[in-house]
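Trainee: Listed below, chain by chain, are the residues.
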Amino acid sequence: DTAVSQTPKYLVTQMGNDKSIKCEQNLGHDTMYWYKQDSKKFLKIMFSYNNKELIINETVPNRFSPKSPDKAHLNLHINSLELGDSAVYFCASDAGQFSEQYFGPGTRLTVT
Amino acid sequence: AQSVSQHNHHVILSEAASLELGCNYSYGGTVNLFWYVQYPGQHLQLLLKYFSGDPLVKGIKGFEAEFIKSKFSFNLRKPSVQWSDTAEYFCAVRLFSGGYNKLIFGAGTRLAVHP
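So the protein sequences, as listed, match chains A and B. Quick note on numbering: our numbering labels position 53 of the first sequence as 53, and the sequence is numbered without any gaps. With positions in the second sequence counted from 1, the corresponding number in our numbering is that position plus 1000.
In short, the hints are calculated from the structure, not lab data. Please read all numbers here as calculations on a predicted model, not as lab measurements. It cannot be assumed that every hint is accurate.
[Said to hold, decoys possible] Output of the computed footprint for chain A on chain B, the stretches with three or more beta carbons under 8 Å from beta carbons of chain A:
#1 1067-1080
#2 1103-1110
[Said to hold, decoys possible] List time: in silico BS3-like cross-link candidates among lysine-lysine, alpha-carbon distance up to 30 Å:
#3 A:K9 - B:K1071
#4 A:K52 - B:K1071
#5 B:K1071 - A:K22
#6 B:K1061 - B:K1102
#7 A:K71 - B:K1049
#8 A:K52 - A:K9
#9 A:K44 - A:K22
#10 B:K1049 - A:K52
[To be verified] Negatives, chain A to chain B, calculated, CB over 10 Å:
#11 L11
#12 N26
#13 K44
#14 S48
#15 N50
#16 K67
#17 N79
#18 D85
#19 Q97
Ideal Cβ placement from N, Cα and C applies to all residues, glycine included.
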């Protein structure tokens, strides 16, 4: 009965590769998010989607391309991976105003 | 620019000590306020939230927080910590702007509780 799930949990890859992270929520929420947590634990929003439409893009490099095939899924594709992309990526969802965000377990991406 | 400040980056306490973690935000409009906890190697879990009403909110595991609007603060408290409270604590503020909302996180406070 996992609320927000992400795959994979760990991802180790080399610079220049392309990789994807998948996220699914079974809470019926309309809004989904991607966050990046750096090595100092700082969490920063990357994208927000509401009902499959992009709402927020926080000046993320265009190597990052989110895709929402339906409102329960928000995937993140990253092209030409760089060392600085190494981080933990969290997916989250909520029901909008006056609701809390539920977070997925995170994907630890290591670029070598 | 909107921001969330957590004053203590690293706190070390003994079991049974009292805890207060500071959180201030810079935004003059409507906000929702949250404290999340991240145990080692785990995802973020909600401790408590404030939307409106009583500014003193109670959360899980004996935590509480007080919203002081005039000070733009939302400090987290617990009267007696346990070793199992060792974790990273994040204050977050939801801002409403331009027809959408977004959650801004503080830098986090790492709490270590020694037995």
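Trainee: Please go over all the hints and tell whether each is borne out by the structure.
Mentor: Status of each hint after checking the structure:
{"no.": "1", "hint": "1067-1080", "verdict": "violated (count 0)"}
{"no.": "2", "hint": "1103-1110", "verdict": "holds (count 6)"}
{"no.": "3", "hint": "A:K9 - B:K1071", "verdict": "40 Å, violated"}
{"no.": "4", "hint": "A:K52 - B:K1071", "verdict": "38 Å, violated"}
{"no.": "5", "hint": "B:K1071 - A:K22", "verdict": "40 Å, violated"}
{"no.": "6", "hint": "B:K1061 - B:K1102", "verdict": "27 Å, holds"}
{"no.": "7", "hint": "A:K71 - B:K1049", "verdict": "25 Å, holds"}
{"no.": "8", "hint": "A:K52 - A:K9", "verdict": "24 Å, holds"}
{"no.": "9", "hint": "A:K44 - A:K22", "verdict": "18 Å, holds"}
{"no.": "10", "hint": "B:K1049 - A:K52", "verdict": "27 Å, holds"}
{"no.": "11", "hint": "L11", "verdict": "16 Å, holds"}
{"no.": "12", "hint": "N26", "verdict": "15 Å, holds"}
{"no.": "13", "hint": "K44", "verdict": "7 Å, violated"}
{"no.": "14", "hint": "S48", "verdict": "6 Å, violated"}
{"no.": "15", "hint": "N50", "verdict": "8 Å, violated"}
{"no.": "16", "hint": "K67", "verdict": "19 Å, holds"}
{"no.": "17", "hint": "N79", "verdict": "25 Å, holds"}
{"no.": "18", "hint": "D85", "verdict": "19 Å, holds"}
{"no.": "19", "hint": "Q97", "verdict": "6 Å, violated"}
Hint compliance for this structure: hints 1, 3, 4, 5, 13, 14, 15, 19 are not met, and every other hint is.
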